[in-house]
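Generate coordinates for the entire structure from the input sequences, incorporating the hints supplied.
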Amino acid sequence: MTTPNLKSNRHRSATLSPPSIHPQTLAVDRRSANRPKRPTLGVRLVNVVAKRLGALYSIASAIHRKDRVRVQLIRDDGKVLYVRNRFSDQTLTLPGGGVKRHESYPAAAARELYEETGVAIDENQFHYIDRLRFKESVRPFFARVYRAALTHEPPIAVSSLEIISHEWLDAE
1 MTTPNLKSNR HRSATLSPPS IHPQTLAVDR RSANRPKRPT LGVRLVNVVA KRLGALYSIA
61 SAIHRKDRVR VQLIRDDGKV LYVRNRFSDQ TLTLPGGGVK RHESYPAAAA RELYEETGVA
121 IDENQFHYID RLRFKESVRP FFARVYRAAL THEPPIAVSS LEIISHEWLD AE
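Numbering (the working numbering), first residue to last: 1 to 172.
Calculated directly from the structure, the hints in this document are not laboratory data.
Please note: incorrect hints may appear among the correct ones.
[Said to hold, decoys possible] Below are the DSBU-like pairs computed for lysine-lysine, each with C-alpha atoms no more than 35 angstroms apart in a straight line: (1) LYS135 to LYS51; (2) LYS51 to LYS66; (3) LYS100 to LYS135; (4) LYS51 to LYS100; (5) LYS79 to LYS66; (6) LYS79 to LYS100; (7) LYS135 to LYS66; (8) LYS135 to LYS79; (9) LYS66 to LYS100.
[Unchecked claim] Restraint ranges, calculated between C-beta atoms of paired labels, are given here: (10) LEU41 to ARG101: 33 to 41 angstroms; (11) PHE141 to LEU45: 35 to 43 angstroms; (12) LYS135 to ARG44: 35 to 43 angstroms; (13) ASN47 to ILE129: 44 to 52 angstroms; (14) ASP76 to SER165: 17 to 25 angstroms; (15) ASN124 to VAL48: 48 to 56 angstroms; (16) SER165 to VAL48: 45 to 53 angstroms.
Here the structure is a predicted model, which means the values were calculated and not measured.
Every residue gets a Cβ at the ideal spot worked out from N, C-alpha and C, and that includes glycine.
This is the structure in structure tokens:
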């Protein structure tokens with residue numbers, strides 16, 4: 001009787017796999033051998049926070065981007081000064097540009113007008129007209145448009161760095 005029990009024991013041990021080649025163990029071994037080491041929880045958290053902050057920063061900067069300025073310079077005969085900017089799509093547009101940190105919009109309008117055309121007008125002579133969306137550059141932007149009237153036609157000295165040409169056109 002002992003012999004059949006031994007045969008059955010041998011039979012069982014022959015059919016059972018040793019723990020080192022158990023299918024679940026093999027699966028775990030294969031994954032750990034082929035997979036690079038996983039970053040620690042701290043590193044993963046830092047990466048997630050950095051991605052989210054980066055996305056929030058880019059959204060916030062797009063939403064809270066400071067308006068630019070444009071100047072509608074009008075002569076006595078009703079004609080308006082337009083310039084052709086070298087850096088945009090070179091269409092005729094109103095002179096203007098960005099606003100520096102801690103600079104008022106009228107001061108920026110006066111500075112940009114002088115830089116691009118050589119026309120010096122006191123910032124107190126600018127009158128706010130409207131906030132408009134401009135699409136002439138790669139990224140559309142909003143600009144606050146200011147009007148200034150001229151009593152005489154000053155010589156226009158366009159900036160060779162930014163402006164290609166200028167024209168006086170009827171107001172539209």
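Hint check results:
{"no.": "1", "hint": "LYS135 to LYS51", "verdict": "holds (30 angstroms)"}
{"no.": "2", "hint": "LYS51 to LYS66", "verdict": "holds (24 angstroms)"}
{"no.": "3", "hint": "LYS100 to LYS135", "verdict": "holds (21 angstroms)"}
{"no.": "4", "hint": "LYS51 to LYS100", "verdict": "holds (29 angstroms)"}
{"no.": "5", "hint": "LYS79 to LYS66", "verdict": "holds (29 angstroms)"}
{"no.": "6", "hint": "LYS79 to LYS100", "verdict": "holds (29 angstroms)"}
{"no.": "7", "hint": "LYS135 to LYS66", "verdict": "holds (16 angstroms)"}
{"no.": "8", "hint": "LYS135 to LYS79", "verdict": "holds (23 angstroms)"}
{"no.": "9", "hint": "LYS66 to LYS100", "verdict": "holds (9 angstroms)"}
{"no.": "10", "hint": "LEU41 to ARG101: 33 to 41 angstroms", "verdict": "holds (40 angstroms)"}
{"no.": "11", "hint": "PHE141 to LEU45: 35 to 43 angstroms", "verdict": "holds (36 angstroms)"}
{"no.": "12", "hint": "LYS135 to ARG44: 35 to 43 angstroms", "verdict": "holds (41 angstroms)"}
{"no.": "13", "hint": "ASN47 to ILE129: 44 to 52 angstroms", "verdict": "holds (47 angstroms)"}
{"no.": "14", "hint": "ASP76 to SER165: 17 to 25 angstroms", "verdict": "holds (22 angstroms)"}
{"no.": "15", "hint": "ASN124 to VAL48: 48 to 56 angstroms", "verdict": "holds (51 angstroms)"}
{"no.": "16", "hint": "SER165 to VAL48: 45 to 53 angstroms", "verdict": "holds (51 angstroms)"}
Of the numbered hints listed earlier, not one is contradicted by the structure.
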